[in-house]
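**Student:** Okay, here's what each chain looks like letter by letter:
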Amino acid sequence: DAGVTQSPTHLIKTRGQHVTLRCSPISGHKSVSWYQQVLGQGPQFIFQYYEKEERGRGNFPDRFSARQFPNYSSELNVNALLLGDSALYLCASSLGDSPNYGYTFGSGTRLTVV
Amino acid sequence: EDQVTQSPEALRLQEGESSSLNCSYTVSGLRGLFWYRQDPGKGPEFLFTLYSAGEEKEKERLKATLTKKESFLHITAPKPEDSATYLCAVQASSGTYKYIFGTGTRLKVLA
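Listed in order, the protein sequences are those of chains A and B. What the first sequence shows, in the numbering used here, is residues 112 to 225, in sequence order. What the second sequence shows, in the numbering used here, is residues 617 to 727, in sequence order.
Accuracy of the hints is not assured; some may be wrong.
Said to hold, decoys possible - Under the rule of at most 27 Å between Cα atoms (straight-line distance), these lysine-lysine pairs were calculated in the DSSO-like manner:
hint	chain 1	residue 1	chain 2	residue 2
1	B	658	B	695
2	A	141	B	658
3	B	658	B	724
4	B	684	B	673
5	B	695	B	675
6	A	124	B	658
These are computed hints drawn from the structure, not numbers from a lab.
Turn these sequences into a full structure, and let the hints guide you.
**Tutor:** Structure representation (structure tokens):
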């Protein structure tokens with residue numbers, strides 16, 4: 112079975128631009144979460160979606176938004192990019208909303224803002 | 617505030633030299649504690665979930681243990697392929713289902 116798939120793998124954007132990152136969860140997984148990982152740090156929670164509803168939002172500005180589609184894939188959108196948004200963006204999926212289901216992470220999208 | 621602290625930040629071991637990584641946590645009710653391995657430029661790879669104090673899990677050369685305040689990841693007779701960053705995360709029993717990660721321990725095993 113395919114794992115969590117993220118696209119693109121690498122991206123370079125200019126300050127002020129907008130970016131859309133995409134995530135396809137493992138087949139059958141209904142929950143998708145997004146994390147930001149700055150170099151040398153642990154991942155920071157951005158959003159969680161389950162059954163197309165937002166279940167949680169981390170301490171990120173409103174420039175960050177996300178959505179989950181009927182096929183459970185997800186998009187993360189970031190507007191008005193800042194240099195500090197440069198990071199590895201990770202998508203994780205799980206079977207359900209229960210804490211008993213662990214997260215499987217994708218390989219991430221490396222975003223560089225110049 | 618829920619928090620995870622990992623130590624040491626970095627660790628260099630000779631092949632076969634056993635050691636332990638520490639994860640101290642403060643959380644308002646622990647739903648689960650998770651260990652992940654992360655290779656450079658890759659996403660975290662799941663290793664273990666621990667739910668309650670006294671619980672232990674093993675996988676090959678790795679053994680994870682849990683107390684009410686901390687978790688240890690014991691690495692027995694490590695090999696160079698065990699070199700990676702090891703991340704600890706907790707999930708609180710209230711609020712969102714987010715994981716709170718530590719900053720990780722960078723492990724380098726020398727041949």
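**Student:** Check each numbered hint from earlier against the structure, then list the numbers of those it violates in ascending order.
**Tutor:** When the structure is compared with the hints, none of them turns out to be violated.
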